[in-house]
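Given next are the chains, with one letter for each unit.
4 protein chains.
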Amino acid sequence: MADVVRIGLIGLGRIGKIHAENSARRVPGAWLEGIADIALQQEQLSWAEGLGVRLISRDPRDILKDPSIDAVLICSATHTHADLIIAAAAAGKHIFCEKPIDLSVPRVKAALAAVKQAGLILQIGFNRRFDHNFTRIRELTRAGDLGAVQLIKITSRDPAPPPPVYVASSGGLFMDMMIHDFDMARFQAGSEITQVYAAGAVLIDPEIGKAGDVDTAIVTLTFANGALGVIDNSRQAVYGYDQRVEVFGSKGVAVAENDLPNQVRVSTAAGVTEEKPLYFFLERYKEAYIAELASFVDAVVQHTPPKVSGEDGLENMYAALAAGKSLKEKRAVFIDEVRSE
Amino acid sequence: MADVVRIGLIGLGRIGKIHAENSARRVPGAWLEGIADIALQQEQLSWAEGLGVRLISRDPRDILKDPSIDAVLICSATHTHADLIIAAAAAGKHIFCEKPIDLSVPRVKAALAAVKQAGLILQIGFNRRFDHNFTRIRELTRAGDLGAVQLIKITSRDPAPPPPVYVASSGGLFMDMMIHDFDMARFQAGSEITQVYAAGAVLIDPEIGKAGDVDTAIVTLTFANGALGVIDNSRQAVYGYDQRVEVFGSKGVAVAENDLPNQVRVSTAAGVTEEKPLYFFLERYKEAYIAELASFVDAVVQHTPPKVSGEDGLENMYAALAAGKSLKEKRAVFIDEVRSE
Amino acid sequence: MADVVRIGLIGLGRIGKIHAENSARRVPGAWLEGIADIALQQEQLSWAEGLGVRLISRDPRDILKDPSIDAVLICSATHTHADLIIAAAAAGKHIFCEKPIDLSVPRVKAALAAVKQAGLILQIGFNRRFDHNFTRIRELTRAGDLGAVQLIKITSRDPAPPPPVYVASSGGLFMDMMIHDFDMARFQAGSEITQVYAAGAVLIDPEIGKAGDVDTAIVTLTFANGALGVIDNSRQAVYGYDQRVEVFGSKGVAVAENDLPNQVRVSTAAGVTEEKPLYFFLERYKEAYIAELASFVDAVVQHTPPKVSGEDGLENMYAALAAGKSLKEKRAVFIDEVRSE
Amino acid sequence: MADVVRIGLIGLGRIGKIHAENSARRVPGAWLEGIADIALQQEQLSWAEGLGVRLISRDPRDILKDPSIDAVLICSATHTHADLIIAAAAAGKHIFCEKPIDLSVPRVKAALAAVKQAGLILQIGFNRRFDHNFTRIRELTRAGDLGAVQLIKITSRDPAPPPPVYVASSGGLFMDMMIHDFDMARFQAGSEITQVYAAGAVLIDPEIGKAGDVDTAIVTLTFANGALGVIDNSRQAVYGYDQRVEVFGSKGVAVAENDLPNQVRVSTAAGVTEEKPLYFFLERYKEAYIAELASFVDAVVQHTPPKVSGEDGLENMYAALAAGKSLKEKRAVFIDEVRSE
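Chains as they are written, first to last, in our numbering: chain A, 1 to 341; chain P, 1001 to 1341; chain E, 2001 to 2341; chain Z, 3001 to 3341.
Each hint should be verified, as a subset may be incorrect.
Claimed, not checked - Taking CB as the label site, the calculated pair distances span:
{"id": "1", "chain 1": "P", "residue 1": "A1270", "chain 2": "Z", "residue 2": "A3160", "range": "39 to 45 Å"}
{"id": "2", "chain 1": "A", "residue 1": "R142", "chain 2": "Z", "residue 2": "P3261", "range": "38 to 44 Å"}
{"id": "3", "chain 1": "E", "residue 1": "R2014", "chain 2": "A", "residue 2": "D83", "range": "45 to 51 Å"}
{"id": "4", "chain 1": "E", "residue 1": "P2305", "chain 2": "A", "residue 2": "L282", "range": "31 to 37 Å"}
{"id": "5", "chain 1": "P", "residue 1": "D1336", "chain 2": "A", "residue 2": "A160", "range": "35 to 41 Å"}
{"id": "6", "chain 1": "E", "residue 1": "P2163", "chain 2": "A", "residue 2": "R25", "range": "32 to 38 Å"}
{"id": "7", "chain 1": "A", "residue 1": "G147", "chain 2": "E", "residue 2": "P2163", "range": "41 to 47 Å"}
{"id": "8", "chain 1": "E", "residue 1": "V2004", "chain 2": "Z", "residue 2": "P3206", "range": "51 to 57 Å"}
Simulated from the structure, these hints should not be mistaken for lab results. C-beta atoms are modelled at their ideal positions from N, C-alpha and C, and glycine is treated no differently.
Can you build the whole structure from these sequences, using the hints too?
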C-alpha cells in the first residue's frame, strides 16, 4: 500500500462532514476518494464536490466495491454500523467506525469477529483519547510522573439536552453519553473496569424520565489495578460543554481544565470575567477529530494496532450496561455479570 | 449577659491552642478566662500565662464550677466529649465541642438531650462551614444564583496519613475524616443525605488496611431534595492539603479551588510553576477557626441557634456509619437504616 | 471577480510556506494558483507540487504576468518588497505584503502611491491583529465595555534572539520586532501614536550591542486621544514566546494572557506546574495567519478596505524610527519629528 | 533590653489604628504601652482603652518622655514626621515612621542625621516589601532563580481617587502614591534607580489637573545594575486595588497576580466570573502591616538594621522628584540631577 490512504466515507451528517473535511484537507496521508449517503441532498452533493471528491453516491456499496478505496469511515446511523462493518470487512477495507458500534452485544461481537477474521484494522471513534489535554495526562501517567494511579475523576456535561425522542433511540445516558467517559476512564487508568455503581436522577427534563432514562448521574468505578474512579454526567450545563479530567496518584495529581476560546480576563466594577468553555464537541474536539483520523491513517499505513480498538468499544459498552443494571438494582454490579449475560 | 463571653477551654492540644489564641486575641467579644488540661505540661502552662489567662488548671471541673465562665470550649480527647458536654450542661455553660461528639450514637444522643433540657447553646466544630470559599458558594446557592442544586462534588485529601495506631482509635476514614465532608455536603445541599454508597481501597498504607480501615474512598450521596453528590478522600496527597468543592445547579456551577500561600507564578525554561496549596488544616482553615468561634460567641450573646448544631453532628455521624455499612455490604445504604439501628 | 481569489505567492521561505498552505487548504475562497521563489530548491518544488499548485517558477514575473492570478502574496526578502509591490500594482494584482514594507520611508511612500494610483487593495502582514485574544480585547473597547481607554500595556518577548548578523540587516529591534507592538498599540488604542520615549539596553547578547542595536527595551507611548501606552521587548524569554496585552480604561481592564498547548495543571511534592506558552510565532499565531489571509481574501472579494493598510505599515515605521531617535537622544520624540524628516 | 518592645504610638488615624491593633494583639514581642493623638476624640479614647493601653494622651511628648517606652510609631500627619523623628531620637526611642518622611529633602536629611547620631533604629513604613507575593519574588531573585534581573514591571492602581484637596497637600501622584512603587522597584531590583522618564495625563478627574497633578502615569526606570523598569499608576481602577509585580530575568519571569477574597469561580450562561481583587490597602496589605511591625520589633530586639531604612525613604523621594522633573521637561532625568539640587 502506498503512503496515501484512499478513503470512502459513509454517512454525510454532522460528524460525517467533519471527517470528510479532515480526510480531504487536514490529515496528511489521507485522500478522500468517495462519499456515500443514502439520503444525499443537493446541498450535500455540492458540498462534497467542493471538496473535490471523485465518487459521490447514494449507495454505500459503491464505496465498498470500489477497488481504489483502502478504508471506509462509517458515520451513518448507529443501527447500520454492524452490517456495514461486516460488509466492509468482506470487501477488504480497513474500517473507522463512529461510536457506538451497536446497541446489541451479539451484533457487536459478530462485527468484531468479521474484522478479525479478515485481518483488517478497525478503529472506533472515541475521539477524546486524542484531545490535547487528556493525552497530556495519559503521557504523565505512562511516564510514571503521577506514580500509581489511585483516583480518576471525570466531569462530562453537555451544554443542552438532546430531544427526548433521541434519548429513547440512543440507548440512554450511559450508552450514548457516558460511554465516552467509560472509554476515557479506561484510557486514563490503563486498566479495565471491574465494578460499577450508578446513581442517577431526572433533574433537567421530565420527558427524559418518561422515556425511561436519567439526565444526571454519578457513577463510581473500580479498576482491575485497584484504582477507584468517578464520572459525573449532566445533560445540561448552561455555561457550556464541561469536559474535565483529574488523575490522582501516589506522586501527584493532574487536572485538565476546560478549553476556552481565548485567554482574556476582563475586570470591571461588576466583577472579573473570563470566557465560557468552548461550546460543544465540534468546537472542543476539533483538533482531536483530526488527530484521531491521522492516527487511523497511520495505523493503516504502518499496519499497527489502532489506538482505539473494537474491543475497546465492547468494553465501554459493558460498562454502560453494568451502569444501567446498577441504577435499576441499587447495588454495585461487576462487569463480569454483564459480560456473561 | 454582657457582650463579652467569658470562656473556659478544656484540652490544650494542637486544636485547643488554636481556640485559646483565637479566644484571647482574635475574636472580639470573647475573653479567655480559664484553661484546663489533665496533663498540663510546664510548656503549656507558660504558654497559657503568656496569653494572660487567669485560671489555669489540670482539672476541668475547675472550669465548670467557675461562676464567671459563660461558655466552655471542649478540645480534649474524643472519648471525653460526651461526659464533658453533660457536665457543662449541668453547670449551665454554653458549649462549643470539637468534632466528633462521640463514636457511639447513644452517647451522642444523651449529650444532646442534656444540652437541650438545659436550654443551652451547643455548637460542634465543623469549621469548614466558615471557610471563605465554601461560605461563598453557599451564599450563591442561598441567593438562587446557581438555580436548583443538582450535583455536589467534594475533594478532600490530606497531605499525609495519620499513624495507623491513630486510625484504629479514630473511628476510621468515614468517621474521622470524611465526616467533615458529609457536613460540607449537607451544608451545601441545604438538604439531608438520604442514601450513601461507598467504594474504598487501601492504596497508601497497608497498615491502615490491617487496622481494618481504608485510606482512599469515593462516596456517592443522594439528598432529600433530589440532588446527587460525591466525595473523594485520600489520606495522602503528596502535593498538600486538597480541599475543593463544586456545586452544580440548573443555572450554573461554582468551583472553589485551593488556597495558595501566594499568587506568584514563575516561568522558566523548565516550566511554569505556582505554589502548592496551603499545607494542612491549621494553615488552610486559620481564618475559618476564628470565624467559627466568632459565630459561637455571637450565638451565645444573641441567644440564637448556632450555625452548626448538635443535630448536625449526629446527622454527619449517621452518614459516616452508613458509608461504613455500604462499604461492607457493597450496596447503597439508606440513612434511615442506620438511624433506626 | 468570482468568489474565489486566485493567488500567486512570491518567496517560499518559512512564512511563505505558512501562507501557501493556508491559501491552498485552509482559507475558503482562496485558491493557490502559483508559487515563485528565486532560489527554489528541489525540496520546495516537491512541497509545492504536493499542494497541487499549477504554476511553479523561479521568476516572480511569471506570477505577475499570469492573467489568471488575482492577487499576490509577497513573502520574499524585505529589500524586494517595495519593487514587487510596484510591479504588482502595475500588473493589476491585489497585494498582501509581509511586514515591513521597506526600511526606507521614501521607498515605502513610492510603493503606497503606486498601489493607490492603481486602485488596488494592499494589506500588510501585521498578523497579530487577527489573534483571538487581541481581537477579543479590541471588540471590548469598540463596544465601550472598558470605557475610555487610558493605559495600554504590551509585553512582547521572543524565546531566543536572532543571529547578530540578522540583527544588522533587519533594521534593529524597533523596526523588526517592536514594529508589531506599535501596530498592536495603535490597533488597541484606536488612535495614532503622537510621542515616543525609548529606554533600551544590551542585556542578552553583547554581539547585538556591537551590531549597534539593543536587545531589551521599554518604550512609552502617548496617543492622540490622550491615552498612554508602554511596550516591553526582550529578545530572549527562556520560558518561551511571551505575548500579552492589557488595556485599561475608565470602566475596567482586559488582560490577555499567553496561549498554552494544553490546560493541564500538575501538582506534585515538587510544586504545581502548568505548560509554558506556545513556543514561537508559528505556533502562537497559527490561527491568526489563517484569519489574516481570510480577511485579505474577503477584502478582495468585497472590494472593501483591508484590515491592515499600507498606511498602517507606514505609521508603524514612524513609531519605530521615533523610538530609535529617542533612544539616541534620551528624550521624548514626537512622531511628527520623524514624519517631516 | 528585654524581648518585649514597649511601643508608644503617635497619631491614631486610619493607619495608626492598624498599627495599634497589630502592636497590641498580633505581633509577638510588641507591647502597646501608649497612644497619643493631638485631636483625640472620645471614640478613639474608648477604642484605645479597649486595647488595654496604659498611657493615652493628647500630647505626643507624653510618649516621648515616658521612660518605659522603647520605640515610637509615628502615624501622624506628614508635616509632623520630621520633627517627631528628631524629638524621638533626642529621647532615645527607636522609630517606626509612616511614609513619606517629609516632602522637603533638607528636612528629611536633618531627621536622618539626628537618628544616625543617636545610634537608633529608624524604619520607614514601606509596607509592601512585606507582602507575601512580593517577598516571594524577591526570594526568587535573591536565590538567583530568575538569573540576572532585566525588566521590572509594576502595576499599581487605586480603586478610587482621593479628594482633589488631598492631592494638593500630598505632594502629588509621584510623591504620595508612586513612591511606594519606586520603593518596590528598588527592592526588587536590588539596585538603585539612576534615571527616570515620566509620562503622565489627567484622564480621571479634571480637578486633579487643576490642582497641578496628574492622575495617570507611566514611569520608565533605569537601574544601576543595567536593568530597566516601568511603573504604571492610575488613581482609579473601578474593579479595585490593582497591585501586581513582574520581574523578568535571564532565567525566567515571576509574576505576582492580585490577591482575591476567595478562590471561587462561577460559571453561568452569562459567563465565568471570579472575585475582584481585595478592595484597597487595608484589605490587601493586612498581613503585610503585621509583618512590617514584626520586622521592626525584631530589628529593635536584635539591634540589626531595619528592612526599610531612612535612606530608602530618601532614595524613593529622589525618584519621585526626578519623575516630576521629567514630566515637566519631557526628557529622561538622572537621579543625580535631583540629588545635587
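Hint-by-hint comparison with the structure:
The beta-carbon spacing between A1270(P) and A3160(Z), approximately 41 Å, falls within the hinted interval of 39 to 45 Å. Between R142(A) and P3261(Z) the beta carbons are some 40 Å apart, a value that agrees with the proposed interval 38 to 44 Å. Taking the beta carbon of each, R2014(E) and D83(A) are about 49 Å apart, inside 45 to 51 Å as hinted. One distance hint, 31 to 37 Å for the beta-carbon pair P2305(E) and L282(A), holds here, with the actual separation near 33 Å.
The hint said 35 to 41 Å for the Cβ distance between D1336(P) and A160(A), and at roughly 36 Å that hint holds. Taken as a hint, the range 32 to 38 Å holds for the pair P2163(E) and R25(A), whose Cβ atoms sit roughly 36 Å apart. Roughly 44 Å separates the CB atoms of G147(A) and P2163(E), a value that falls within the hinted 41 to 47 Å. Under the hint 51 to 57 Å, the C-beta atoms of V2004(E) and P3206(Z), about 55 Å apart, fit the expected range.
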